[in-house]
Amino acid sequence: MNEIVTTALVAAAALVVLTSVIVLYRVAVGPTTYDRVIGVNLIGTSIVMVLVLLAAALDRPAYLDIAIVYALLNFVLSLVVGRFTYDPSGVEW
Amino acid sequence: MILSAVIILLAAIGVFFTFVAAVGVLRLPDVYSRSHAVTKADTLGVGCSILAVALYFGTASEVFRAIVLLLFVYYTNPTAAHAITRSAYSRGVDIWTTEEGPNQ
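Protein sequences, first through last, are from chains E and R.
Mapping to this note's numbering: the first sequence position 33 is 33, numbers consecutive.
Mapping to this note's numbering: the second sequence position 27 is 27, numbers consecutive.
No lab work stands behind these hints, which were simulated from the structure alone.
Keep in mind it's a predicted model, so treat the numbers as computed, not measured.
For every residue, glycine included, the Cβ atom is placed at its ideal position computed from N, Cα and C.
Accuracy of the hints is not assured; some may be wrong.
[As the list claims (entries may be wrong)] What follows is a list of derived Cβ distance ranges for each label pair:
no., chain 1, residue 1, chain 2, residue 2, range
1, E, Pro-61, R, Glu-99, 28 to 34 Å
2, E, Phe-84, R, Met-1, 23 to 29 Å
3, R, Arg-27, E, Arg-60, 33 to 39 Å
4, E, Val-29, R, Ala-60, 22 to 28 Å
5, R, Pro-29, E, Asp-59, 39 to 45 Å
6, E, Thr-85, R, Ser-61, 30 to 36 Å
7, E, Asp-59, R, Thr-98, 49 to 55 Å
8, R, Leu-3, E, Val-80, 37 to 43 Å
9, R, His-36, E, Leu-73, 40 to 46 Å
10, R, Thr-97, E, Thr-85, 19 to 25 Å
11, R, Trp-96, E, Ile-66, 34 to 40 Å
12, E, Ile-66, R, His-82, 22 to 28 Å
13, E, Val-17, R, Val-68, 22 to 28 Å
[What the hints assert, rightly or not] Just so you have them, the derived chain E footprint on chain R, three or more residues with Cβ under 8 Å:
no., region
14, 10-21
15, 25-36
16, 50-57
17, 60-72
18, 84-98
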């Protein structure tokens, strides 16, 4: 029974990796830089998901710590791009 | 047995919502709607996966770390999406509208 759960979690991780490969199309083609940043953000979140699923499937709880650090670094990437390209003179309200 | 079924079901829901986010990023017309798809669907996908893993481990240490990770993801994903879309709006990225224009 436990083996079924492990196999299902590994399969889920593999499917998440496949969907991130789909998102790579938007990162390569995306008309603006912001589309690319959103795509990279989604891929980073998917990697967090893969790490969490593999932590259970391979029975290595230390991967949860790696997932926490990866989530925070992913947030820093998006926030730095968003803040440094912000143009206050371009907003009227 | 029931626990295994719940774990597999939660992981499947997580994979489904990640797929929805990927399709939204591919097919929606502009930056703002793509950001909408990513934030909603991917936050829910990660939440379901983390719940599945917390149920799988079941020990206090791993459940605590999973909850901390869940709180981080729920707090940081909308913040990052808001920062990116606000920057895009301030740089004049076009908003997708219908033929007649907005508000009609």
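Going down the list of hints, with the structure as the test:
1. E:Pro-61 / R:Glu-99: 28 to 34 Å: Given about 55 Å between the Cβ atoms, the range is violated.
2. E:Phe-84 / R:Met-1: 23 to 29 Å: Between Phe-84 of chain E and Met-1 of chain R, where Cβ atoms are some 52 Å apart, the hint is violated.
3. R:Arg-27 / E:Arg-60: 33 to 39 Å: Taking Cβ atoms as reference, Arg-27 of chain R and Arg-60 of chain E lie about 36 Å apart, which means the hint holds.
4. E:Val-29 / R:Ala-60: 22 to 28 Å: The hinted range 22 to 28 Å is violated for Val-29 of chain E and Ala-60 of chain R, with Cβ atoms some 46 Å apart.
5. R:Pro-29 / E:Asp-59: 39 to 45 Å: holds, 44 Å
6. E:Thr-85 / R:Ser-61: 30 to 36 Å: At 40 Å between Cβs, range violated.
7. E:Asp-59 / R:Thr-98: 49 to 55 Å: holds, 53 Å
8. R:Leu-3 / E:Val-80: 37 to 43 Å: Holds - the Cβ-Cβ distance for Leu-3 of chain R and Val-80 of chain E, about 41 Å, lies within 37 to 43 Å.
9. R:His-36 / E:Leu-73: 40 to 46 Å: About 24 Å separates the Cβ atoms of His-36 of chain R and Leu-73 of chain E, which means 40 to 46 Å is violated.
10. R:Thr-97 / E:Thr-85: 19 to 25 Å: The hint (19 to 25 Å, Cβ to Cβ) holds, given that Thr-97 of chain R and Thr-85 of chain E are roughly 24 Å apart.
11. R:Trp-96 / E:Ile-66: 34 to 40 Å: holds, 38 Å
12. E:Ile-66 / R:His-82: 22 to 28 Å: holds, 26 Å
13. E:Val-17 / R:Val-68: 22 to 28 Å: holds, 24 Å
14. 10-21: With 7 residues in contact (Cβ-Cβ under 8 Å with chain E), the coverage given for the region 10-21 of chain R holds.
15. 25-36: holds (count 5)
16. 50-57: With 5 residues closer than 8 Å to chain E, the region 50-57 of chain R meets the three-residue bar; holds.
17. 60-72: holds (count 7)
18. 84-98: holds (count 10)
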